[in-house]
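K.L.:
Each chain, letter by letter, is given below.
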Amino acid sequence: SSGDSLSLGIREPVYEVIEVKSDGMVSTRKISRRQLLKSSGLRPRDIRSVDPSLFLTNSVPSLLVREYAILLNLGSLRAIAMQERVLIFDHDRKGGKAFLKSLLPRLNPKNNNGGQSMPFELEVVEAALLSRIQRYEQRLMELEPRVQALLDVLPNRLSGDMLEQLRISKQHLVELGSRAGALGQMLLDLLEDPEEIRRICIMGKNCTLKKGDDNLECSTPLEKQIAEEEEEEIEMLLENYLQRCESCHGQAERLLDSAREMEDSIAVNLSSRRLEVSRVELLLQVGTFCVGVGALIAGIFGMNLKSYIEEHVFAFWLTTAGIIVGAVIAFFLMYSYVRTRKIL
Amino acid sequence: SSGDSLSLGIREPVYEVIEVKSDGMVSTRKISRRQLLKSSGLRPRDIRSVDPSLFLTNSVPSLLVREYAILLNLGSLRAIAMQERVLIFDHDRKGGKAFLKSLLPRLNPKNNNGGQSMPFELEVVEAALLSRIQRYEQRLMELEPRVQALLDVLPNRLSGDMLEQLRISKQHLVELGSRAGALGQMLLDLLEDPEEIRRICIMGKNCTLKKGDDNLECSTPLEKQIAEEEEEEIEMLLENYLQRCESCHGQAERLLDSAREMEDSIAVNLSSRRLEVSRVELLLQVGTFCVGVGALIAGIFGMNLKSYIEEHVFAFWLTTAGIIVGAVIAFFLMYSYVRTRKIL
Amino acid sequence: SSGDSLSLGIREPVYEVIEVKSDGMVSTRKISRRQLLKSSGLRPRDIRSVDPSLFLTNSVPSLLVREYAILLNLGSLRAIAMQERVLIFDHDRKGGKAFLKSLLPRLNPKNNNGGQSMPFELEVVEAALLSRIQRYEQRLMELEPRVQALLDVLPNRLSGDMLEQLRISKQHLVELGSRAGALGQMLLDLLEDPEEIRRICIMGKNCTLKKGDDNLECSTPLEKQIAEEEEEEIEMLLENYLQRCESCHGQAERLLDSAREMEDSIAVNLSSRRLEVSRVELLLQVGTFCVGVGALIAGIFGMNLKSYIEEHVFAFWLTTAGIIVGAVIAFFLMYSYVRTRKIL
Amino acid sequence: SSGDSLSLGIREPVYEVIEVKSDGMVSTRKISRRQLLKSSGLRPRDIRSVDPSLFLTNSVPSLLVREYAILLNLGSLRAIAMQERVLIFDHDRKGGKAFLKSLLPRLNPKNNNGGQSMPFELEVVEAALLSRIQRYEQRLMELEPRVQALLDVLPNRLSGDMLEQLRISKQHLVELGSRAGALGQMLLDLLEDPEEIRRICIMGKNCTLKKGDDNLECSTPLEKQIAEEEEEEIEMLLENYLQRCESCHGQAERLLDSAREMEDSIAVNLSSRRLEVSRVELLLQVGTFCVGVGALIAGIFGMNLKSYIEEHVFAFWLTTAGIIVGAVIAFFLMYSYVRTRKIL
Amino acid sequence: SSGDSLSLGIREPVYEVIEVKSDGMVSTRKISRRQLLKSSGLRPRDIRSVDPSLFLTNSVPSLLVREYAILLNLGSLRAIAMQERVLIFDHDRKGGKAFLKSLLPRLNPKNNNGGQSMPFELEVVEAALLSRIQRYEQRLMELEPRVQALLDVLPNRLSGDMLEQLRISKQHLVELGSRAGALGQMLLDLLEDPEEIRRICIMGKNCTLKKGDDNLECSTPLEKQIAEEEEEEIEMLLENYLQRCESCHGQAERLLDSAREMEDSIAVNLSSRRLEVSRVELLLQVGTFCVGVGALIAGIFGMNLKSYIEEHVFAFWLTTAGIIVGAVIAFFLMYSYVRTRKIL
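Residue numbers (our numbering), protein chains in the order written: chain A, 13 to 356; chain B, 13 to 356; chain C, 13 to 356; chain D, 13 to 356; chain E, 13 to 356.
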């Protein structure tokens with residue numbers, strides 16, 4: 013794959029990206045891999061996680077913090093946030109568009125009503141998380157009533173069409189649940205790694221992070237205080253989105269569990285109904301057999317052969333009575349037999 | 013959704029809340045989002061977790077501690093507890109009513125028989141937890157005998173109606189178990205985060221909580237001591253409700269497991285009974301086939317065609333004997349064949 | 013429920029308990045809730061966990077250590093162990109009786125052959141754990157051979173009766189496994205919380221346990237040493253019972269897994285046998301259909317209508333041969349068709 | 013059970029053990045419980061875990077380190093390793109024999125080619141672990157090709173016999189996997205408890221282990237160094253066996269998963285084939301029904317009653333044509349009906 | 013097995029390995045176990061994990077760091093990386109070949125375009141991980157579209173062939189998922205054990221690693237700095253491969269879940285369709301039974317016996333009408349009966 017064969021003489025890939033500056037200016041650019049590495053200070057390996065051509069093998073959401081850039085890989089949204097600009101890969105896909113729609117109003121100073129504005133890269137991260145989670149919430153709000161309606165009518169009004177709808181809803185819920193779960197896991201991993209969060213805070217400040225030691229070292233105490241406040245802000249922001257993710261994930265899992273229980277119940281229900289059908293079939297087959305034996309006897313008397321009974325006056329009526337009574341008795345004998353063996 | 017588009021020019025939402033003062037006075041008020049933020053010192057983002065209009069996407073129970081307020085989101089109960097008053101959202105729903113019923117007697121000084129009373133916000137938290145858990149316990153106590161009765165009669169007295177009842181009970185148990193589990197998880201998370209508990213304690217006291225450091229700093233040693241005693245009190249209170257939650261959750265899970273095992277057993281039972289039915293059907297089909305062959309022979313002799321056998325004196329009796337004996341022999345041959353192949 | 017409405021004017025509950033003194037004296041007493049709280053130094057909330065009237069909602073086993081008492085809730089055994097006596101609730105149930113049977117010999121100084129005796133409250137805890145675990149072990153030893161016997165004969169000698177036995181055994185194993193597991197979990201939680209164990213040790217000694225700090229402070233060094241030795245003793249005792257619990261739990265789970273696998277295999281086995289039956293049925297239906305067509309033709313020639321064939325000499329034999337050969341050929345054509353479509 | 017009723021006047025149990033001295037001398041002895049306790053410095057409770065008469069309730073593997081002895085309970089191998097000798101209980105069972113076969117060559121100084129030999133008790137522990145794991149590996153190597161062969165032929169060449177083999181293989185894999193997993197868990201627990209390992213190291217040395225503090229205190233620095241080297245040696249030894257256990261466990265789980273997936277697939281496969289059979293049956297029943305209606309009409313014209321049609325010249329041929337054409341048309345009408353309803 | 017019986021007089025094994033020097037020179041060698049141990053400073057036990065003859069029992073991937081060598085066991089790739097050379101066992105298998113293909117270009121100084129090159133043993137480790145993960149990614153990219161295509165058409169175009177393809181795809185996904193998961197687990201374990209990573213760094217440097225203490229001690233400060241930079245480099249490298257592993261694993265699990273849900277849905281779908289077929293069969297059997305009764309009556313009148321009805325003029329038409337009307341009425345009576353019992 014391209015990410016690994018950089019130095020092996022293969023043609024350098026060129027990405028078409030949308031660049032959004034911190035003042036809200038949007039432009040479409042082509043940028044080669046080499047340029048990208050140079051301008052962002054990233055390593056070749058890092059690019060892999062946002063390279064949209066590797067969609068299948070970097071599908072786990074990730075938020076990588078590097079010295080001068082944050083790499084965002086949230087499903088169909090791939091972006092690199094730097095201090096003054098953000099590059100959005102694969103901007104034609106839904107993820108990219110939703111991100112732009114969420115990011116641009118934030119950069120408009122008019123919308124920032126009085127409150128202290130966050131650094132640009134944080135605005136980017138929040139817009140990305142928000143656009144992702146809102147999409148999950150929207151899908152959930154579409155799916156929920158549909159599944160609920162199915163669950164309400166299903167056990168009684170069962171049809172192939174209903175089952176197919178249940179199947180498709182389950183498939184969507186599995187997907188939604190797994191995506192919201194993966195995003196939540198990413199946020200949780202981030203929250204449990206204070207160093208990573210601190211690396212977001214010191215981006216673009218004169219601070220350094222000593223390894224092993226938990227303290228920041230900044231050039232001015234003010235800068236240190238801002239960084240620490242920002243850290244708290246980021247934690248609360250991430251916690252907030254984590255909770256929304258978990259709500260989404262939990263709700264999807266709950267619906268999925270209900271749908272699975274319903275499918276199990278339908279299976280037993282169908283089994284039970286088939287048994288009922290089989291039992292009536294059995295009853296009818298007992299009847300058919302008895303009738304068949306009667307018909308055989310009648311057929312025998314209908315043969316063009318002389319039995320010398322035909323001369324008797326009441327032969328017809330006796331035989332007929334014999335056939336009918338015999339069939340009915342046989343039926344009840346067999347019926348009581350299968351009853352006692354608890355088959356019927 | 014409303015929580016995110018605050019500053020984008022959308023009409024500000026107004027909430028209808030019930031306000032309960034610490035002296036037990038109850039009043040219904042309308043409060044706009046802006047007022048709410050101002051009076052509680054909360055951030056816009058925090059409101060999301062108690063906003064009842066976002067029911068679907070903030071369904072995970074949460075108890076958020078902020079500087080001047082505790083945000084409670086426990087299923088259909090949404091409230092903000094402050095030092096002197098509590099605002100209850102969505103007060104027409106069951107959760108809100110049960111909470112009021114549980115909270116008001118606690119605020120009556122007559123009921124406080126001698127024992128030292130807890131701070132108002134703790135009374136609120138306890139009343140909220142108590143009203144929630146009591147509701148789960150009550151539902152469990154309704155469900156338990158019904159499920160037990162089903163489990164006792166089911167494998168033998170199987171009917172579509174019974175299966176439907178089992179299905180509905182399972183659905184309720186899944187819901188109850190997941191809700192009690194989520195509440196328990198919330199309590200556990202709270203207990204494992206001593207800082208959060210400490211933030212409840214220092215609410216309304218002249219104490220500060222140093223980050224990183226585990227110590228409280230209060231203006232007077234007495235206040236510190238009270239805060240520490242309160243901390244222990246809160247821990248025991250939460251542990252107590254956690255245990256009740258886990259009892260509920262465990263019991264629901266146990267019943268659900270039994271119901272699932274029962275459904276599995278019913279499936280095998282039905283399968284086994286259908287096999288029994290099928291085997292008798294097979295037996296009858298063997299019989300029907302033999303009778304059919306006999307009837308065919310009889311029918312052949314009944315054709316209006318001359319076989320020149322009709323002139324023979326015993327032709328009828330010989331043919332009849334042949335048909336019957338042949339059918340019986342054929343039946344037993346086929347019967348023994350399916351026996352040896354172990355199909356019957 | 014009663015535990016919460018203490019101060020709301022509801023009639024105070026009275027418990028009938030058996031009291032065992034440390035010298036082995038047994039007496040039955042009635043004790044009101046108020047007396048109990050007073051004599052044991054417990055809080056109202058604590059009583060909930062041993063109140064037998066709340067069986068359904070405090071079914072999770074627990075061992076709570078308070079300043080002057082240990083609250084034991086082990087399934088049907090509910091007791092409060094104090095320094096000089098133990099109160100047993102619900103003494104008519106199996107758990108209470110087994111506990112008494114296990115406790116009394118321990119209090120008899122004659123049985124204490126030379127070894128150093130443990131403090132009374134520890135004897136109580138050990139007797140309670142022992143009586144519980146022995147009961148689980150006994151149930152397991154009853155169930156194990158029964159399940160094993162079922163697993164040995166089942167796949168081949170399948171009957172509704174056997175399936176019912178398997179179902180009941182599974183139900184018992186689920187229950188046993190979940191109980192042993194819950195008890196084990198309780199012991200594990202206790203072992204992982206050294207503070208709790210230390211609080212058992214210092215009961216009735218002049219020692220205090222400083223919070224945060226891991227050290228005991230006792231009035232005399234000897235007392236401290238005794239407490240530390242006791243701590244080690246308790247840990248080994250709990251570890252021992254934990255291991256027995258886990259053995260029980262593991263064995264029950266193992267048997268349950270085998271029973272589940274067996275049920276799955278039976279389901280597939282039944283499915284496979286039903287397919288076999290269906291295939292033979294299909295064969296017979298092919299035969300029946302062919303015979304039916306033959307009978308129709310014979311019936312047609314049996315109509316009292318003139319076909320003018322009846323005058324031909326060999327008409328009967330030709331027609332008969334045609335019917336039979338046709339039926340046989342039709343049978344084999346249809347048979348080979350379903351063979352090539354791999355249905356039969 | 014015997015382990016608990018020591019002091020209650022029950023006859024003291026006597027164990028028949030094999031004793032292996034550190035010089036390789038093997039002897040069979042009878043040893044009473046009292047002697048055992050005295051010579052090994054163990055407590056009565058400890059004996060439980062190696063007492064073979066309690067097989068059912070101490071089936072979880074354990075390796076307990078006491079001051080002067082290591083208690084080994086590895087499935088059917090029960091032994092007490094002391095500094096100069098090892099006592100093997102239940103020596104007739106496979107576990108004991110395999111252990112002896114693995115231990116004795118290690119005690120032979122000729123086999124110790126140059127390398128520094130380990131202390132006797134470590135040789136015992138390694139021999140025990142090795143004999144156990146080799147047995148699991150051997151069983152896995154027997155099972156693996158058999159299961160693989162089944163998985164290769166099964167979906168297509170399905171028979172009751174094959175299903176039975178699959179069931180039995182699954183049962184063996186469940187057992188093997190759970191045993192290897194339990195042994196691995198024991199090793200993992202041991203590795204995560206450095207104190208336990210240190211207690212093995214200082215056995216027979218003049219060292220003490222201070223609680224809480226992580227340091228050894230030995231009489232001579234040399235002894236301390238040896239103990240520390242031994243500790244590392246033990247860790248590597250345990251890690252090595254842990255990895256082998258996990259390989260075994262993982263492989264068994266993998267095969268089991270494949271077998272389970274296969275069983276699921278077989279169930280769906282059987283269901284699909286039964287549907288196929290049912291559809292052909294349905295087709296035949298449609299045909300049989302049409303033929304039956306035709307036969308009824310023919311039978312009606314065959315009644316010995318006068319319809320006055322019999323005088324018409326072409327009555328026979330018209331009726332016959334009507335019956336046959338009608339039956340064929342009815343068949344195709346019903347056939348197209350079930351096709352449009354997507355049943356066939 | 014060979015790894016354990018070293019000293020018991022069994023013939024020493026000889027391995028055929030490929031040796032790659034750090035300058036890219038490749039040669040095939042035979043090396044005896046003894047030589048291997050001597051030249052690599054490994055212990056006999058260590059060799060087990062790379063010994064290809066023990067494939068079944070060391071199938072869990074592992075990366076063991078020893079003083080002078082790194083042992084790689086990644087599925088079919090078994091290698092020992094030393095400072096100046098790497099020995100590849102079992103070089104004919106896919107794993108070995110892919111590793112060589114990935115390693116050799118890295119050793120070519122021309123490909124190292126300007127960037128600082130990594131130490132040889134790290135190049136080996138990265139090449140090994142890369143070759144493994146690329147193979148998993150490749151397999152996933154092959155499987156994904158096939159499974160997706162199946163999932164798209166399956167519920168409607170169900171055939172035995174499709175089911176078989178689904179089964180095989182599931183089997184491959186199970187395998188791929190478990191392998192990628194095991195490799196990811198290995199990387200995670202490595203990342204969580206900083207000591208192990210540090211042992212890779214100091215290989216071939218004048219540094220020592222103090223146990224317990226987290227600091228390196230090197231002969232020169234420069235060397236220490238290089239080692240620390242290398243440590244960070246290794247961590248990022250491992251994290252990167254871990255993420256790729258998890259992407260692979262997650263994607264395989266997601267596809268597998270979808271396939272499992274599909275199989276469940278197919279099972280319910282088949283059940284539902286069989287019920288439909290059964291219901292139509294039942295309808296036909298009701299019809300067949302009624303026709304059969306009619307045919308019996310017709311047959312009775314067709315007997316060659318005198319009923320004295322034959323003389324009546326309208327006897328034929330009355331009887332015929334009676335049979336037909338009776339059959340139709342009987343049919344509708346039975347039909348409405350099974351409808352009211354909700355069987356049909």
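Note that these hints are calculated values from the structure, not bench results. All residues carry an ideal CB built from backbone N, CA and C; glycine is no exception. Accuracy of the hints is not assured; some may be wrong.
As the list claims (entries may be wrong) - Which chain A residues stay away from chain E? Per the calculated CB distances, all over 12 Å, these:
id : residue
1  : S39
2  : T40
3  : H103
4  : L203
5  : E244
6  : R272
7  : I309
Said to hold, decoys possible - Heads up, simulated SDA-like pairs for lysine to any residue below, C-alpha to C-alpha not over 20 Å straight-line:
id : chain 1 : residue 1 : chain 2 : residue 2
8  : B       : K50       : B       : P25
9  : D       : K354      : E       : G334
10 : A       : K318      : B       : K50
11 : E       : K318      : A       : I321
12 : C       : K50       : B       : P25
13 : D       : K318      : E       : G334
14 : C       : K318      : D       : Q47
15 : A       : K318      : E       : K318
16 : A       : K318      : B       : T331
17 : C       : K318      : D       : K113
18 : A       : K354      : B       : L295
K.L.:
Which of the numbered hints above does this structure break?
P.N.:
Numbers 6, 7, 9, 10, 12, 14, 17, in rising order.
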